Structure formats: structure tokens, C-alpha cells
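Protein chains in written order, with the working numbering: chain A, -16 to 298; chain B, 4 to 683.
Rather than coming from a laboratory, the hints here were simulated on the basis of the structure. These figures come from a predicted structure and were not determined experimentally. Treat the hints with care, since some could be wrong.
If you want the footprint, here are the derived chain B segments under chain A, 3+ residues with CB under 8 Å [what the hints assert, rightly or not]:
no., segment
1, 93 to 105
2, 457 to 467
Here are some chain A residues pointing at chain B (derived, C-beta under 10 Å) [said to hold, decoys possible]:
no., residue
3, 37
4, 117
5, 211
6, 286
Ideal Cβ positions, reconstructed from N, Cα and C, are used throughout, including at glycine.
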Amino acid sequence: MTGLGAVSQLLEIVMALLLAPLLGGWINQWRAWLQNRSAPGLLQPYRMLHKLFNKESVVAEHASPLFRGAPYIVFGCMALACAIIPTLSTDLPLSPAADAIALVGLFALARVFISLAAMDVGTSFGTLGARREMLIGFLAEPALLMVLFSASLISKSTSLTTIVETLAHRELAIYPSLALAGVAFTMVSLAENARVPVDNPATHLELTMIHEALILEYSGRHLALLEWAASLKLFAYSCIGLALFFPWGIAEAEAPLALLLAMPVLILKLAIGGALLALLETLSAKMRIFRVPEFLATAFLLAVIGMLVSILLGG
Amino acid sequence: MPPIVTAGGLLAATLWVHLDWVLLVVAAWLLIAVVGVFALRRLTLVARVLFPVGGAGGLALLGIALSALQGSPEVAVLPIGLPQLPFHFRLDSLSAFFLMVIGGISVGVSAFAAGYFRKGEGTPPGLLAFEYHLFLASMVLVVLADDAYAFMVMWETMALSSFFLVTANHRIVEIQRAGYLYLLVAHIGAIGILLCFGVLQANSGDYTFANMRAQQLSPFWASLAFLLALFGFGAKAGILPLHVWLPEAHPAAPSPVSALMSGVMLKTAIYGVLRVLFDLLQTPIWWWGLLLLTVGLATALFGVVFAAVQVDMKRLLAYSSIENIGLLFSGIGLAVLFSAYGMQPMAALALTAVLYHVAGHAFFKSLLFVGTGAVLHATGERNLGKLGGLIRCMPWVAWVMLIGVLASAGLPPLGGFVSEWLLLQSFLFSPGLPSAFLNMLIPVVAALIALIGALAGYTMVKFFGVIFLGQPREERLAQAHDASGWERLGMLWLAAGCLVLGLCPVQFIAVIDPVTQLLVGAGMGEAIAAGSWLLVPVAIERASYGPAIFLLGVAASFALAFLLVRLLYHGRLRRAAPWDCGYPWQNARMQDTAEGFGQPIRQIFEPFFRMERELPSPFDAAPHYRVRVGDHFWHWLYLPLAALVERLARLIGLLQQGRIAVYLLYSFVTLMIVLAVVKQ
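Throw the hints in and build the complete structure from the sequences for me.
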């Protein structure tokens, strides 16, 4: 472990924690503009978090410690995920602890805990949300894994840092497998982050909500942590996408100058990506929950085809 | 001379090898079994003395096996059985590995059983102790057997003792039927194994494994032996379509027995497959691997999809066992593929994944099964639809079970994830296979494994959530009591096993490395020596996983978040009624049921199920909804087969006239035919 590695690791975590709500605010702003509404301020998510942290937490009478612990676990998982994804640099001391498969496992761990917590109070909407979340999860998780495998076949590695280094150094050619994987990844990220067309982050309409149903019983600091974790998840997914499909600009080992440059590049990429996401959300309509399995199965198949293509064409 | 006989005094004891100590543990178990017969109804003696002593035997076995894993093979000949046909025993690394699993699981399950068995549940406790310890001893001897004779005798003892354990509550008709089905499939499987040994000895008349190893079989006969072994051991393991007994027998048995059957007995079948494939046959052919892979994946997908829709908690776990067996078979298939193409290091990786999963599944599935036993005793319910909210009155069981559930769902940083990770790694490295067709297959297979793993997570959330979380679905559940001291001890041991397997993969793989060395001639030793906390199967830039760092990362963020929130803000908390979108009339019946949780799976995987539904009409005064999820294999395979057997039996029945004159005529005709044949 080098000193610079430790610095970039710390920088990554702090940046993820601080920037993640901003990304959410940015997307909301674009959504509002695209829908001809006046937008809330860019810093609205921070105000929201501050307000929630200040409020007292109201917990159901019979809720178990699992219910109170879950927000911290979910938050911890997402923070770790942001630490192991190479967002700024590929010289990360924590990265060997978890490769691409373990990263998917980490997301699954968070999902299982949030679903269990939603079932804990035993309300009808909580259990409904848990079921839907797990339904999306069991289709999205293998699809995400296949996307990552397509990239690992090219780099002959499942280590995220190696994948990014390999992909950043290849010649600028279009890999058919990566194109398919890119489409699949976009679909999976929409589903995993509760965006339109799978879920609507702005809705509380009982029968259609998924993510909101899961966290319905939470309030105060617990809710704040979960909202923060959700924005961290979106940040993590965006960074995975950028690292796999647009890896240029991420610093490598022993390159302090590149590390300095990596931050503005990342912010620029995220800003463009966020605007595109808002556009995508505005242009599509939310689909019925029964259609979601088909949507995700398509993503899964696309990712598998991507992997097949990469084997057929040899990378 | 058999060493156990020559070892007379304490002095000689110092010269004992591992095998003698193992046989001593077996003798101790058999002694406990005999004592049990003489103390049929003395529950205190059986529960407080016999089972704990048996558990101590398991602990000793675990220690011996750990030490024997690194040692060289040891043999012994015991003059039991027929004259001129003694039992041969042999302890090598493969046997030692399975002894370790048997020992490790039996410690926890015996401790649990000490608090579990009660009076007045069918079979008297002393008899249960007899069958239980006989079952344990026979499993140890199956793994040690070094000739077909000893193997078959022990295999049958294992089947019979477990049959009597399954039918412990023999007055219930369902359990009788389940036991009969189990016995039937076990014996059909045993025929396969017997025939397999017959092929392996290649007309030499010598049924020792040493002779079978020396035989050079032609590809045809070797393939025949493989297929027979797959059939025979597959029937015991529960691969498709021989799985039908498993979801019947496992729920019928008392919970500690289900734990042993699912955790350990199914693994003896895996042992058999490994022994025949890699030790007795030695030169695998590539299509064996393909067949194993296909059968394994079909079994795994079938198992997990069915597990997701079950409403009986023990049936759910039984189907989940089918899933795990399927994963094990597909891993073995991959190891065979690699081995057939001479890629020994890759075969070692796949085989390590298999062995890891054998140990991992043994621990978490035993834990889950004994946990359902605690729930069953506390509530008297197996039906998920009548449970709920138990985390509040049974916090001990619930929290320990959570570890098993997470391990079973294949989540990091627990044991189930490590084996899944290793298996996926070996798939990712397989594009080096020299056959284009196989290479094309690999992504599809990896996708299926990922899907199966994710579905296992779904199933486990349903299992844990419906039993332990939410509100109690019945009034009396509020009075449920937590597990007793012995039960807690047993569960803690098993949970500790899950944790150790999850957090110390490098150390554990170093322990089991001699097994892969023995089976495929390559190990992972050098690759994993790179870092003691990082599991690095090939090279650090290719893949690495450090569960301890992983756990530390999540725990540190947890603690930091907790402290910072308290420090910067506050820790105020108010208890109130649940909000639930402001619905005023909330009751426990409005929660999602087990059926409801399985509904999406029923819809998506509809062709898998044979469903019978009774839907209420809008005008019903007392509407009721019923759905029965059946298995196609019953209707497509087993019922026609049973009908065929019945028809044949009826044809033979025509001969039966019940008049002595007719029977005399039969004898006369037979005699004439025999004479006519002999004369020529």
C-alpha cells in the first residue's frame, strides 16, 4: 500500500459521501426542467438530510432491533461499495478485498437487509415492498453479474481495478459485447435504483411503489440514512457504468497529477450522465409491475448474449 | 493383523494411527447406541448423557480428521462379516475431509438433540438414541470403506437407520408414506451402486477398491460404471428426476435427523461420486462432465424454484437442499471437464469450490433445520402461514438463524458466498477449454448459476421474513418460548462453523488442499499462500476476495455512521403504532403470506409447476382460495411407472389361482421345461 493509494482511497470515500446527494439533486433539477416545472435548488437533498437527521425517529411499537439496525447496515454496504469501485483512481488499498462478484454480493446483502427490515413491522405495504424488491433483485442481480463478466472476459480478471486499467488502455474500438452489456447495464441500473420505468422515485401511490414501500415505516435519522444510502447506490451504479464504458480519466498508481485531474473529469462525466438519466426518465412511462420481470429478463438475456459474443469474437 | 485388535494396552495406544482413533469413535457411538436400547424410556439419561457424549465423540472425530487430512493413507482390515471376506478400511484425505464434515456437524446436532427429544413422540428416546448413533457410525464407515462389500453393508445400514429415524412418528400416515418412498428410492439407488462396483471390478472377482483402482477399463465400461454411479449416488443425493423422496422424507423426520440427513447424509453421495469418478475410474471422459453439469444445473434450478413457492418450512429447506446438491454436481461436472482436458489447476479450483460448498452447506443447512426444530417445538407449527413475529419471543433462535439464512442466500461475508465465488471464478477461467461448443456453453451456465444464487436469496428472505418477522399470524405464537440451553449450544456451534467458513477461506482451503491434490493431482496451495487474509485463486490482478476486510469495512461504516449521528445530531426515539400509509385497521392477516411471497415466482416460472387452483367467485358467501403446487415429475414419470408396475403385478397375479392342483401343474410344467433344456 502506498501513501498515495491511501490518500486516493480516502478521497474516494469522502467524495462519494459528499457528492452522492448532489447527483440526486442534479437529476431532479433536470427532470423538473425537462417537465417544464420550476426546479428545486441543487442543494435540496442536503437540506432534506439535515432536516431528517434533526427529527426524532418514530419506530413502530413492536419493531425488533433488526429494524433499527438495517439502515446502518445498508448505509455501511453502500459506503463500502463506493470505496471499492474505482471512481478516481485504480490504486485502491481496499479494492482487493472485493472483486466484481463480491460487489454484486454487497448490493445483494444490502437488499436482503432492507427487505427483511421492511417485513419486520408486518404491515401490508412493507411486505409488499419487500416482495417486489426481491423480485427485481433476483432478476437484476444475475444481469449485473453478466455485465461485469462481459468486461472480465475482455480483461481476463474480475478485479475491478484490473478491468478498468485494461479497458482504459485498449484502442478506441467498439466491442460488440460491451455495447450489448451497456444496454443491459442501463436497464439494470434503472431497475436497481428505483427509477422510471420500473419505479418512480417521486411517487407515494401505494399500489405502484417499490422503494418507497420498503422504507415506509422509517422516519428521522433512519430514513435519512436510507435516503443517503439510496443516493450512494445511484452514485455507485453511475460510477460502475462510467468505469466500464468510459474509463478514461481515472488515475492509475503513482500518478498524483492524474488523481487531481480525475475529480473534475468524474464530475463532468456524472453531470452528463445525470442529465441523460433525467432525459431517459422523462421520455419513458412507468410500466406495470407485471411487466418488470419481462423488462429485466430482456436485460439479462442481452447481457448473456453480450458474453456469448465476446467468446465468439474472442473479446 | 487388525491394529485395533492388537492395540491392547495403554502403551500401545501411543502407536495408534488416525484410523484406529476413528474406529474408536465409531465403537464409542455403537456403545452409546447399545446403552440407548437398554434405557428405552429413561429420557434424562438419554438426553443429558448419551447425546452429549455422542457429541463429544463428534468433536474427537473432527480433531482426528483435521489431523488425518494432511497425513498419508492408512489401511486396516477388520475380520467382521463373512469368513474369507473381511471389511477393508482406508483413511485418505478424501475420507478425512468427509469425516471432518460428519464430525463437525454431529457436534452441533447432538448438542441440539440433547435438548430436543421429548417423551411421547412416537419412538421412545432410547431407541432414537440407538438409531441416531448407528446412523452416525454407519456414515463414518461408508466414508472409510475400502471394498464394495463393506461399502454396501454400511450404505444399507445408513439407509435403514435413517429410515427408522424418518419414521420416528410412525403413527402418522403421511410419515409412513414418506418413509416408504425414501426406503424405495434408497434401494433402487443401491442397486445402481452395486452394479457400478460390479462393472468396476472388471471380472476379476476382487471387490476391493485397490483392485478397482488397478483395473484399466475401456471407455465403454468406464462410461457404464459412471452412469451407474450417477444413478445410484444421484438417487441418494436427490438429483433430478430422483429427487421426489427428499421433500417428503426431510420434513417427516425429527429436526435433528433432518439436519443430519440434509447436512451430512446427502454428502456421502457426493463422496461416492468423487470416489468413483476421480479415484476408482481416474481417467474421466469429457462428456461425463457435460452430463453432470447439465443434470446439476437442472436440479439446482428446479430445487430453488420449488423452494421459493413452498409453504411448509421444512419442505422449503428440503427443496433448497436439492438446489445445493445440484450446484455441487455442476461443480463436479466442471472439474471433470477440466480434468478431461488436462487442465489440472482449473480442475483443482472447481473441486475446491465443490468441497467448500460441501462443508458450507453442511453447516448452514443443519443450522436451519435444527432452527426449524426449535420453532416447531415452540409453536407446534410447520406451516409458514401460521407463523410470524417470532423474533420477539424467540430472539436467540432468530438471530442465530439469521446467520444461517445469510449463508444459505450466498451473501458475503459468509460461507455460502465463498463457494459460489470460487465456482463462478472457475467458470470465468474456462474459456480456455479446447472445445468451441463447450466454451459457448459456459456463459449460459454462469448465468444460470448467478440466477440460482439470486433466487436462493429470494427464498431465504421469504423463509426468515415469514417465520421470524412481522406480526404473529396466530394468537398463541406470543407465548412461544425460546430454545433451551442445549439447543442454543448446538445452534451456536453450527453458526460458528458458518462464520469460520465465511471469514477464513484461505485457512480452510489450506486444510482441504490435500484432497484436491489426491483427486486431480493439483492444489491451490501456492496460489492461496499469496496473502493470508486475501483469497487469491490464481493471481491478485485476476481476482481476489478478503471476507475479513469486507466485514470490517461494513462494520466500520456501521459504527462510524452510528457514532457520528449520535454526536452531530441526537439519538431520540419514540415508539408509536405502525404508520402504513395511515391505514387504521391493521391486523396480522393483512401481511404478505408465504403463498403471496411465492406468487411472482409461480407466475414467472409457471411451466415448472403443476398447479391446481380453486378461486372464489364474487358471489361466494364464504370465499376460499386454495392452490396446490405439484411436481410434474410425479405425473409424467412416477405415476405412469407405478401404474406399469401395478399392471405387470396384476398379470403375474393371473398365475395365482389359489388351487393346489394348479400350482402342482406349474411345478410339473417347470420340471418338464428344465428337463428338456438340460437334456440338450
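- Should the hint that residue 37/A touches chain B count as held when the rule is a Cβ pair under 10 Å? holds (6 Å)
- Item | Interface hint compliance - residue 117/A to chain B, C-beta minimum distance less than 10 Å | holds (5 Å)
- Is the shortest C-beta separation between residue 286/A and chain B less than 10 Å? Holds: closest Cβ of chain B sits about 8 Å from residue 286/A, inside 10 Å.
- Task: Check, residue by residue, whether the segment 93 to 105 of chain B contains three or more positions whose beta-carbon lies closer than 8 Å to a beta-carbon of chain A, and give the verdict.
- Result: Violated: only 0 residues of the segment 93 to 105 of chain B have a Cβ under 8 Å from chain A.
- At a threshold of 10 Å, is the proposed contact between residue 211/A and chain B supported by beta-carbon distances? Check passed: Cβ of residue 211/A comes within 9 Å of chain B, closer than 10 Å.
- Message: At least three residues with a C-beta closer than 8 Å to a C-beta of chain A: is that true for the segment 457 to 467 of chain B?
- Response: Holds, because 8 residues of the segment 457 to 467 of chain B bring their Cβ atoms closer than 8 Å to Cβ atoms of chain A.
Hint 1 from the list above is the single one not met by this structure.
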